[in-house]
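Given chain A, put chain B in place with the hints provided.
Chains as they are written, first to last, in numbering that gives the first Met the number 0: chain A, 0 to 353; chain B, 0 to 161.
Worth flagging that the hints you see were computed from the coordinates, not collected in a lab.
Since the model is a prediction, treat every value here as computed from it, not as a measurement.
Please note that the accuracy of each hint is not assured.
[As the list claims (entries may be wrong)] Chain A regions said to be covered by chain B (calculated; three or more residues, Cβ under 8 Å):
#, segment
1, 89-101
2, 218-227
[Stated by the list, open to error] Below are the DSS-like pairs computed for lysine-lysine, each with C-alpha atoms no more than 27 Å apart in a straight line:
#, chain 1, residue 1, chain 2, residue 2
3, B, 46, A, 49
4, B, 131, A, 193
5, B, 157, A, 193
6, A, 187, A, 258
7, A, 244, A, 286
8, A, 193, B, 46
9, B, 160, A, 274
10, B, 161, A, 132
11, A, 262, A, 285
12, A, 286, A, 262
13, A, 214, B, 46
14, B, 131, A, 49
15, B, 107, B, 131
16, A, 222, B, 57
17, A, 258, B, 150
18, A, 132, A, 286
19, B, 58, A, 222
20, B, 107, A, 187
21, A, 132, B, 21
22, A, 139, B, 157
[As the list claims (entries may be wrong)] Computed far set for chain B versus chain A, every beta-carbon distance over 12 Å:
#, residue
23, 16
24, 28
25, 29
26, 63
27, 100
28, 102
29, 127
We put the CB at the ideal spot given by N, CA and C, even for glycine.
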Amino acid sequence: MKSESKIDPRILEEILKFSRNVIDAPKLVSAPDEISMEVTPHDIVQEIDKTRLLHYRSLTEKQHKTPLLISYALINRYHILDIQPEKSWVRNLLLQGFDIYMLDWGSPTSMDKYLDFDDYVNGYLDSSVEFIKNESSSEKISLQGYCTGATIATAYITLHPESVKNYVATAPVIDGWRDTTVISNLAKHMDVDKMVEIVGNMPPEFMYYCFSVLKPFEQGIEKYVNFFKNIDNKKFVDSFLRVEKWLGDTPPIPGELFKQWIKDIYQDNLLIQNKMFVGGSHIDLKKITMPIFTQVAVGDHLVSPECSMPLHYAVGSEDKTLRMYPTGHVGMIASSLSQTKVLPELGKWLAERS
Amino acid sequence: MSSKPQALASVGPMRAFASNAKKISTELIEINESLIGFNQFVTEYYKQLAETWNVAQKKVNLKVPDVPHDVEQIDSFKRIWIDIFDNDFTELFDSVKFGENYGKLVSKELELTKHWNNISNVILQSANLPSKEEIDEVYKELHSLKKRVTKLEIELKKVNKK
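One chain only, chain A, in its complex shape:
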């Protein structure tokens, strides 16, 4: 008796098509070096050490009076906020008539290992704010912090509330004990003193490891299967490669800053308890009294909503708004949802106060 295996010919066709795509990929895909990450035209208006202050060129005739400074995260580079024209956070805000500045923290080297929270908050961020105030002749600016950049921005506005008119906290890292992500679990068990003493700066390899344990099979398999399936779709491939290039560009974090970061936020959770000090000054969240807009992503697996939301309840502001979006950490800032929902809501809120 003959046994007959029945395989649907459409399945075979799919397998053959996928194999062809894998073979054709090198001909269809650009090398990472060929992709420029600078999308929206800008000028570098200030450079201090390795940091750069970017001023984006206006895309509208009329602009809102108050400029907006974006304090990007310490992990990876600011390019994700301007990853491609149709998903660009920066471009969208420019088209809504905002005057946008971005603080690029640069790539610290071994000699920057002693840079600490004080240098970032009262040094680089404060210098940028002062520069923008002078250049725009504004007494106050609007400040947006994203992820770890929001922690730095939060510390800044408690110490310099006179300079900030509006505060936008996007996925801010605030309450380390409530954070339910894998990152916080690793951070809580880390001997950060030893790491900084021996290695100096937080090495990018450590960050790559942290990324690799976040949804490892979705990110490590499914993502690439989809890439090969869509190899003929130029738009998809371009978007994929840009995000991949951004993911691979992880600068080290200065040792002293990293040490205080892990201890004060994840291990001792001092910020939300109003027990944190930066450069000898007390960080009291109740001192935040300006309008504040907190944006949280429900599916955020890097900074869980439970870690971000406490900021909304801890500040002294009367004019405060909390918005939750059905997306992830990156989806909130660089996706079609961010263009159609997150940014219009933010733009409306900011315009009414700028």
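Chain B only, in chain A's frame:
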């Protein structure tokens, strides 16, 4: 080395060579001790991964018979496999037992790096080059000087404004 006959016998570069060789040997012995600890935690690390993999695979095997035999069966199977594996591994990475072991593993890895740094320092010093600690001192001093200059510049701006 202070007595005259000893000093006479160990004068010159050979004296430094002997002392450096001793330092490097000590570091190599200590590396072995750290390596034993490292192996213990790395074994536990892979044990946890392997156990989680086995449990997840069993869950997938139980679900496989429910996958309909149609054109989408490969995609359906892949979805089930990825969902179960991601859930189980995230649960592992979120657990205290993983966090603790991973923390100890990294700590041992850092100890190994420290021994390597110490050996490098001996070699650097034998070549009359500054050690890592000495370079760190320079970095620290630079950082402190930059801070002082920035503060002075701010003060100067305030005075000029008045």
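Here's how the hints hold up against the structure:
no., hint, verdict
1, 89-101, "violated (count 0)"
2, 218-227, "holds (count 3)"
3, 46/B with 49/A, "43 Å, violated"
4, 131/B with 193/A, "15 Å, holds"
5, 157/B with 193/A, "41 Å, violated"
6, 187/A with 258/A, "12 Å, holds"
7, 244/A with 286/A, "39 Å, violated"
8, 193/A with 46/B, "26 Å, holds"
9, 160/B with 274/A, "35 Å, violated"
10, 161/B with 132/A, "19 Å, holds"
11, 262/A with 285/A, "22 Å, holds"
12, 286/A with 262/A, "23 Å, holds"
13, 214/A with 46/B, "20 Å, holds"
14, 131/B with 49/A, "22 Å, holds"
15, 107/B with 131/B, "20 Å, holds"
16, 222/A with 57/B, "24 Å, holds"
17, 258/A with 150/B, "24 Å, holds"
18, 132/A with 286/A, "21 Å, holds"
19, 58/B with 222/A, "23 Å, holds"
20, 107/B with 187/A, "17 Å, holds"
21, 132/A with 21/B, "61 Å, violated"
22, 139/A with 157/B, "18 Å, holds"
23, 16, "27 Å, holds"
24, 28, "19 Å, holds"
25, 29, "14 Å, holds"
26, 63, "16 Å, holds"
27, 100, "8 Å, violated"
28, 102, "3 Å, violated"
29, 127, "21 Å, holds"
Hint compliance for this structure: hints 1, 3, 5, 7, 9, 21, 27, 28 are broken, all remaining hints hold.
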